[in-house]
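We have chain G already, so just place chains X, S, L and W with the ligands on it with the hints.
One line per chain: the protein sequences are G, X, S, L and W, in this order. Numbering-wise (our numbering), the first sequence opens with residue 1 and increments by one. Numbering-wise (our numbering), the second sequence opens with residue 294 and increments by one. Numbering-wise (our numbering), the third sequence opens with residue 560 and increments by one. Numbering-wise (our numbering), the fourth sequence opens with residue 847 and increments by one. Numbering-wise (our numbering), the fifth sequence opens with residue 1085 and increments by one.
Rather than coming from a laboratory, the hints here were simulated on the basis of the structure. Some clues are possibly wrong.
As the list claims (entries may be wrong) - Using 27 angstroms as the maximum straight-line C-alpha spacing, the simulated DSS-like pairs for lysine-lysine come out as follows:
#1 177(G) - 442(X)
#2 922(L) - 903(L)
#3 385(X) - 902(L)
#4 858(L) - 868(L)
#5 1356(W) - 807(S)
#6 902(L) - 827(S)
#7 442(X) - 903(L)
#8 177(G) - 917(L)
#9 1356(W) - 1346(W)
#10 827(S) - 719(S)
#11 1444(W) - 1251(W)
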Amino acid sequence: MLEQQLVNALSLGCVYALFALGFTLIFGVLGVINLSHGAVFMVGAYAAEQAVAHFALPLWSALLFAFLFSGGLGLLIDFLVLRPLRARNAPHLIPMIATIGVAIILNNGIQGIFGAQNLRFPSGLVSDDSLSLGGLHLTAIELGIILLSFVLMAVLLVALKKTQLGRALRAIAESPKAAYLLGINVEGLFYLTSFAAAGLGGVAGVLIGLYSNALFPLMGQPMLHKGIAVIILGGMGDIRGALIGGLFLGFAEVLSVAYIGSSMRDAVAFGLLFLILLVRPKGLFGTLQERKV
Amino acid sequence: MSTALKLDSLSRHFGGLKVLQDVNLEIPQGGIFGLIGPNGAGKTTVFNLITGLLPPTGGRIEFNGQNLAGYQPHEITRLGIARTFQNIRIFKEMSLLENVMVGLHAQLKYDSLGLLASSGLFRSEERRARERAHELLSWVKLDHKATDKADNLSYGEQRKLELARALATNPKLLLLDEPVAGMNSSEKVELMIEIRNISERGYTIFMIEHDMRFVMGLCGDIAVLNFGRIIARGSPDAIRNDPQVIEAYLGREDDEVTLDATGAAA
Amino acid sequence: MEWFDNFWSVYSNLVLTLGTNALLALSIYLTLSCGMLAIANAAFMGIGAYTSALLTMNYGLPFPLVLLAGMAAPAFMAFVIGKPTLRLSGVYLAMATLAFGEVVRIALLNTESLTGGALGLNGIPQSTQWWHVALALALTLALLWRLNRSKVGRAFESIKEDETAAGLMGIDVAAHKMLAFVLGAAIAGLAGTLNAHLTFFIGPSEYGFDRAVDILTMAILGGIGNLTGPVIGAVILTLLPELLRSFKDFRLVVNGFILVLIVLFLPKGIWDPARFTQWFGRKGSRA
Amino acid sequence: MSAPLLQVNGLKVAYGHIEAVKGIDLELHEGQITTLVGANGAGKSTTLLALSGLVKKAAGRVTLDGKDLTKMAPHKIVSSGVVQVAEGRATLTTLTVRENLELGAYTRRDRDSRARDLDYVYGLFPVLKERAGGLAGNLSGGEQQMLAIGRALMAKPRVLLLDEPSMGLAPIIVQDIFRTLRNINQAGLTIFLVEQNVRQALKIADRAYVIETGSIVLSGTGRELLVNPKVQEAYLGS
Amino acid sequence: ADIKIGVAEALSGGAAQYGVSIRNGFQLAADEINAAGGVNGDKLQLIIEDEQGKKEEAINVFKKLIFQDKVLMVFGPTLSNSAQAADPIAQAAKTVAFGTSNTADGITSIGDHVFRNSVTEADVLPETIKMAVKKSGVKKVAVMYGNDDVFTKSGYDNFKKALEDLKIPVTTTETFAKGDVDFKAQLTKIKAGNPDAIVLSALLAEGAPIMVQARQIGLNMPFIGGNGMNSVKVFELAKDKSDGLYVGSPWSIENQSDANRKFVVAYTAKFKTAPDQFAAQAYDAMNIATQALRKIKLGGDLAANRTALREALPAVKHVGATGAFSFRRATDKAGKPAGYDAQQTAIVSVTKGGKFSIEK
Ligand SMILES: Nc1ncnc2c1ncn2[C@@H]1O[C@H](COP(=O)(O)OP(=O)(O)OP(=O)(O)O)[C@@H](O)[C@H]1O
Ligand SMILES: Nc1ncnc2c1ncn2[C@@H]1O[C@H](COP(=O)(O)OP(=O)(O)OP(=O)(O)O)[C@@H](O)[C@H]1O
Ligand SMILES: [Mg+2]
Ligand SMILES: [Mg+2]
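Chain G extracted, bound-state conformation (with noise of 0.2 angstroms):
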């Protein structure tokens, strides 16, 4: 049983992780705690609902689809919201509310399209059946998820670290001011990240739909409270860190409910991830930026 929960913490830390790092991704370059991420989130896995259920898409395309929808929606708040409060300077928690707004809009707007019910992936998208490794159950998707939050990690990561680009994106979280001085076209990365965190929102609402064959209007809002806990775990705006809050999340929620009850699992979650932040205030993998007298 034991080797079976692990599977199960791996997937489901795995989960977080991949919805996380898009989160954290735009937290990390803009500076915004964005609270539609889960609306984004939602919306690309109805947009790929919808995509495939009316043109019959396979998975890769849909999840392509999901990408350039979310993207494209990301953009589009990014230019009608959070750039016009960059120019006024607006203070800091005020773009993190405007994105309470967003995801209101956007909840409440595919609600009242779609309605409230639970809609799902036709089957045969992927088969819902399970592999059975030596006794493991493990489903195709999950497996997806698994590999793709750790491909996914390690390409932003060696981006972000080792190219130029990656420079530029760090240097922009840091000061805009100074990246303006070294040439960099701040807002054009601005659009870019918000770009690229919001579509990997869609595949993560794709995949996480396709995992849990539930999509509702209101599926984002547990994963992004979830996904708060991961990226702050983590360290905020870290790309490791997505992975490993992520991870320690899964791990945290089996184990309890494995091995304490799971009526007290998110007690024991938030419980641990409160003493983490007494221990590391900064998260796991948080650099302490105080800046020098």
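Positioned in the frame of chain G, the structure of chains X, S, L and W with the ligands alone reads:
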């Protein structure tokens, strides 16, 4: 003359970086004491250790005979040490008057009950604080801007505000970290006069500065820090002529860069 | 006065909710004014609500006593968790307080014999009168107004701007943060108590993440430069959904749009005296 | 004299109602050091920020070699060769020293010469080489100033704008910096220098402007202004 | 004159997935009644308000309907929590509050103006469990429920009691929370106890994924579900993994009674989707109220009309989509008579090949 501040084999490391190593320094009561040294020598770190923002890795600090180990920054301030910062740290969103009144915090004698009961004490203490704040602002010639937002001050004015705010904590020892950075010569001269006036009111001043005219003009006694060690200590004249100091810090005056004839093309 | 009776019979709950929401917005304003993004206020509200409701229902204590207990319990809780938590800064503090809130919510769910679990407590006597809410709000405003004008208020503001510099002004930063946190918790508990004795029923889901974010939104949207902002924010956020009833299925969409527009065009919050002077200044110069 | 490399006509900048720069004209000639001096709050930094496109110009025109930069986006201005070392240095404290320098070359496509330029900068400021892998935020003030200049040089600018590079530096370093500036200028770089250290600035400048509350009040060669009695009284404190 | 009936349901927020069905049920019934000539010549006029599934909103909406719109009676609110807060308002105003989806204990003890036709699962679940025991030889079960939701939590309480009464041992009891996507940890644990069936008190959003994930890790035993699972949506959501779910309820979409067939056909035609139990109960509730209305004479005095309706309601006997219905008096905390609960018989059905089939 008694000792105001005593650093006793003070050290501070950051990871492997030994920023201060066995620094011994005694600063007498009264007068203006200077600390100079190359960039990165550890001068600001000395201030950070004195004010309790960083704990030392080794050694001890005594202020008027009292060991400062384990004291919190606000407790050290209440003991009578105030400072300004190399990168200005005023409260930008507050008015000048409020900035200085924050400095008076510990001296206001009303408690939270008086605050609620609208007692006479509350009002008289607040009035006293306001008057004192105006007085301090007038010391640095900023009283006419008392109700302006601090953020709207020019750089030089912000430095002066920081000075007034530090004085408000009623210090015996005033630490100034590069007080004239970013000022032009005539502003420097003006501030020089103000600092001298302050010193004459009985404050002991300990300052870091890179402007040699300013330091040499104000300080009777100067120490030079290089790579975390004191390499010289003495009068301005002695320091000016110390070969080690010239080598590490001052350079040669005649070395001042000019546009020589060949460079002046065009 | 017939119109008033009519108005009151329809809208009394709405008006009193405005009052309790204003208290909640003020409770978070207090910590924000000290530079702390602490969002345990929903949890503190819940602790106040449950403590007071249980005292009323199980022991029949008189309402004034219950109110006191409803403030004291969350204040005590804040004091206990404040010590380790308030060292955190920014979003990390937000997260720790949010995590605390989750733990409180789950504790309420799991202590079924006392709290009724997910089913909540029902049949709470309706002891809250309109003037209780009015008085609570007036006293809170008066207290905070006085606080703002004192050395404590200045200390809060300086801590918000620069903690290190504030410490070097002789301000005990940790103690002041604790004061703001505990006082904020007490005010949230007061709101929770008043609310619990108004609506017959309380349940754990009312004190979760959504409520925490709601409270924060009210304060920020209104503006946290002074006391007026949070109150206005609470009023607007409470009334908006009511005013938009005619939009039916899409009313929350419209609600969201309005929220975004307010933020876009009034990024410092609705109540921003600096902008008012700017407007009047501009008018003056035109004239 | 040849046409100026960078020309500024009637530049105005306002913050809200306050006009910080009130219609100034400047000319920077190729290969020269031009300096702008003035008291605190006179509008020097504002002028530089306007040239880099970081604050909005209320009026006026900026051209580089005939090309109009007035409405250009900041990153385009950098790619056209106008690079600024800002007041306060704008060090990227969470990146390493080396990463800061590499970002200096962000607008450039010629990857090969980047390594050579890095060596050149390390040659100018050896301490940067020692600390290359460390976080830039842990450098002392003076070290950060060196990093900022080095980083700007990595962009291979045509015009280098410097906002108070001597601020907070030890005398020996100030001399170093000015010597370095003269050297890189002699290697052909056009420099626009804003300074409080008026004496030093005037000494190395070919051309100088004095700005007071947003307006140019004096201009001439560095040497002319150095001996100008008004300048001596107001800025040299003698 | 039109007869104004208030409808306060959650049309936005998380509870909208039930609120919308409920509103549809009312609408369908009212339209049919009006098309057939109304009530003694008067048309029913529904005044529908969104209460967002929040207690404050429910109170606001009840007040608005009762005092401003001056409705004769109020249907709703959607959630039991909201009912706990809002029903006392109606009770104090001596106006009937009629819940169609409030299953929590104690709602009808609020007062004698509180009615509901939602069956408390206490009546239904023993039947369901007995059927599963009979048909599938269930000897021990595992239990799983959502512990942060009133609906699923009170369902669980009733399951627990029924299992105790029937002396069926429970291997393990597991919980989950609203919005969870992964239940494998709990299911893996359940698997270790090797039960003969899983008793599940869940709403579809979680219930369907739970069934799928259970099958995925090799748990193929039957599920015994509560009201929340009684919807054809389960086939859409769980597809081929939906087999073997027992649900007991007065209503089943497969119930071939005339009333129900008519309802299912009309509903599907009007709203382009199959009805669920929430819609069926709302539909019946409107018809029950209408029967009472037919028996009374409405005058100009609103208070008198409301009282007359209150007096007429308890006697109503109705056969509708949910079968034969009558009211049963509930008691308040002190044991005195209070409001009225539903008295109905359960139909147990089991899912097989994408359909409910009724077990006898
Ligand atoms: N928090 C820190 N972590 C790591 N290194 C640090 C830290 N603070 C200072 N240093 C290092 O310690 C050395 C001394 O720094 P300090 O700021 O004391 O220099 P300084 O003498 O004040 O220089 P300057 O005149 O340029 O201000 C520098 O090399 C700096 O990089
Ligand atoms: N962001 C801003 N908002 C409002 N006013 C500003 C802003 N930045 C600068 N100012 C004002 O514009 C004027 C010019 O400022 P600027 O920074 O250009 O001066 P400076 O000559 O560079 O001074 P210093 O030598 O102190 O750096 C000053 O009065 C300053 O207060
Ligand atoms: Mg220093
Ligand atoms: Mg400047």
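Here's how the hints hold up against the structure:
1. 177(G) - 442(X): holds (23 angstroms)
2. 922(L) - 903(L): Holds - the C-alpha atoms of residue 903(L) and residue 922(L) are around 16 angstroms apart, at most 27 angstroms.
3. 385(X) - 902(L): Given pair residue 385(X), residue 902(L) holds - Cα atoms ~23 angstroms apart, limit 27 angstroms.
4. 858(L) - 868(L): Holds - the C-alpha atoms of residue 868(L) and residue 858(L) are around 5 angstroms apart, at most 27 angstroms.
5. 1356(W) - 807(S): holds (20 angstroms)
6. 902(L) - 827(S): holds (22 angstroms)
7. 442(X) - 903(L): holds (25 angstroms)
8. 177(G) - 917(L): holds (18 angstroms)
9. 1356(W) - 1346(W): Judged against 27 angstroms, a Cα distance of about 15 angstroms means the pair holds.
10. 827(S) - 719(S): holds (16 angstroms)
11. 1444(W) - 1251(W): holds (22 angstroms)
Going through the hint list in order, the structure satisfies each hint without exception.
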